[in-house]
Amino acid sequence: MNQEAIKDLLYKMADDQLILGHRNSEWTGFGPLLEEDIAFSSMAQDKVGQSWQLYKILNELGESDPDIVAFMRNADQFHNSQFVELPNGEYDFSLIRHFLFDTAELIRFQMLSESSFEPLANLAKKIKGETKYHSMHAKIWIKQLGSATEESISRLQGSLDEAMPYAFGLFEVSKFEQELIDTGIFAGEEALKALWKNATTEVISETRLTLPDMESITPVFGGRYGSHTEHLQPLLDEMSEVFKVDPTADW
Amino acid sequence: MKGLTNDIVKEWLDEVKDPEIPVLSLNDLGVITGIDIDHQGKVTVDMTPTFTGCPAMDVMKQDVLDVLEKRGVSDYDVNISFKTQWNSNMISEKGRKALKDFGLAPPPQHDMIVDIDIIERANCPHCGSENTEMKTPFGPTLCRSMHYCHSCLQAFEQFKPI
Chain A
0 MNQEAIKDLL YKMADDQLIL GHRNSEWTGF GPLLEEDIAF SSMAQDKVGQ SWQLYKILNE
60 LGESDPDIVA FMRNADQFHN SQFVELPNGE YDFSLIRHFL FDTAELIRFQ MLSESSFEPL
120 ANLAKKIKGE TKYHSMHAKI WIKQLGSATE ESISRLQGSL DEAMPYAFGL FEVSKFEQEL
180 IDTGIFAGEE ALKALWKNAT TEVISETRLT LPDMESITPV FGGRYGSHTE HLQPLLDEMS
240 EVFKVDPTAD W
Chain B
0 MKGLTNDIVK EWLDEVKDPE IPVLSLNDLG VITGIDIDHQ GKVTVDMTPT FTGCPAMDVM
60 KQDVLDVLEK RGVSDYDVNI SFKTQWNSNM ISEKGRKALK DFGLAPPPQH DMIVDIDIIE
120 RANCPHCGSE NTEMKTPFGP TLCRSMHYCH SCLQAFEQFK PI
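Chains as they are written, first to last, in numbering that gives the first Met the number 0: chain A, 0 to 250; chain B, 0 to 161.
Just so you know, these hints were derived from the structure itself, not from any lab.
These numbers were taken from a predicted model, which means no experiment stands behind them.
Errors might be hidden in some of the hints.
Straight-line Cα separation of at most 30 Å, DSSO-like style, residue types lysine-lysine; simulated pairs [claimed, not checked]:
#: 1; chain 1: A; residue 1: LYS55; chain 2: B; residue 2: LYS82
#: 2; chain 1: A; residue 1: LYS124; chain 2: B; residue 2: LYS93
#: 3; chain 1: B; residue 1: LYS93; chain 2: A; residue 2: LYS138
#: 4; chain 1: B; residue 1: LYS1; chain 2: A; residue 2: LYS124
#: 5; chain 1: B; residue 1: LYS60; chain 2: A; residue 2: LYS127
#: 6; chain 1: A; residue 1: LYS127; chain 2: B; residue 2: LYS16
Between the sequences and the hints, there should be enough to build the whole structure, so can you do that?
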């Protein structure tokens, strides 16, 4: 089994979870209503915890300690998609991103629960149960607000149009893609994308929102190999502030 | 340690409680997935997290280590792994009752497919009513959702089915 291929896969997933987890946590204290404040905070805790376990597997494959990996890299060393690093914006954008990302994530971990790489399969079986709650939460709100008032519909539609090219960037293929598929580690981004298109289309079709023409979207790639927007480094600076002041800090 | 058996170690672990739900032992929570004593007397305890991001896991592990130490075991190991994945069906009957007495609705049993209708189906732990409504699938800790009882007009929490 090619360790480099597995590491490539683990890094991009762990970084996605960590960065979106951090963005979710920025809603703590600012949610539009208390329940949403708690929901985004809980999802943040789940995602950061999941990223830690993915970094732990990387650690067992010879990479540095999870805290070092999380806090000591610069933006160009991160493998997350650009989608997750974009600022939260208004609640409508956060909600659309939550829906598009978590729909993909649930399917990704369902696929990975069959992985031939056992440590990942075991963890994926756990994560898919937790992510079910995230995906369900997103669906409820998209269905509700996507059919509510003119304002909620037009806001969500605007965010959906803006988010879609970035969401497609989630499926940027690995340079080890064929190997990951051939060895049964992961069935691949294209397979995931096809399932994701069906799942998102199904939910959107129950609302008054319109999906942009999927065929004409130009995906925003680059994040998987260190190309990021100007928004990532400030996020990393804030996230690692305590660690950099005192790496032994504990609570 | 002479005459030590898995059952004895298991009994010791009854005194270790979930730090966030102090009426529930780790045995009843279902997070102890294996106890092994090798021929040299080394005790190995395997545990699995309820939630991947559960911050109580380190505390639980330390509590298990403390119990083994206190009972005079000198050679021991406690592993946390995902080899067995925890789900809420693993909470024992005794554990479910302890949750209810604590004021938390026990998680509904499920066939491993958790969907919205299962999460919404919470019986009020105070009055037993089925006339309840889920307010949010997220709560004060990762493992709880929030509900409202239309019979006794009280808010309550449920240990989430997962």
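Looking at the structure, which of the earlier hints fail to hold? 3, 4
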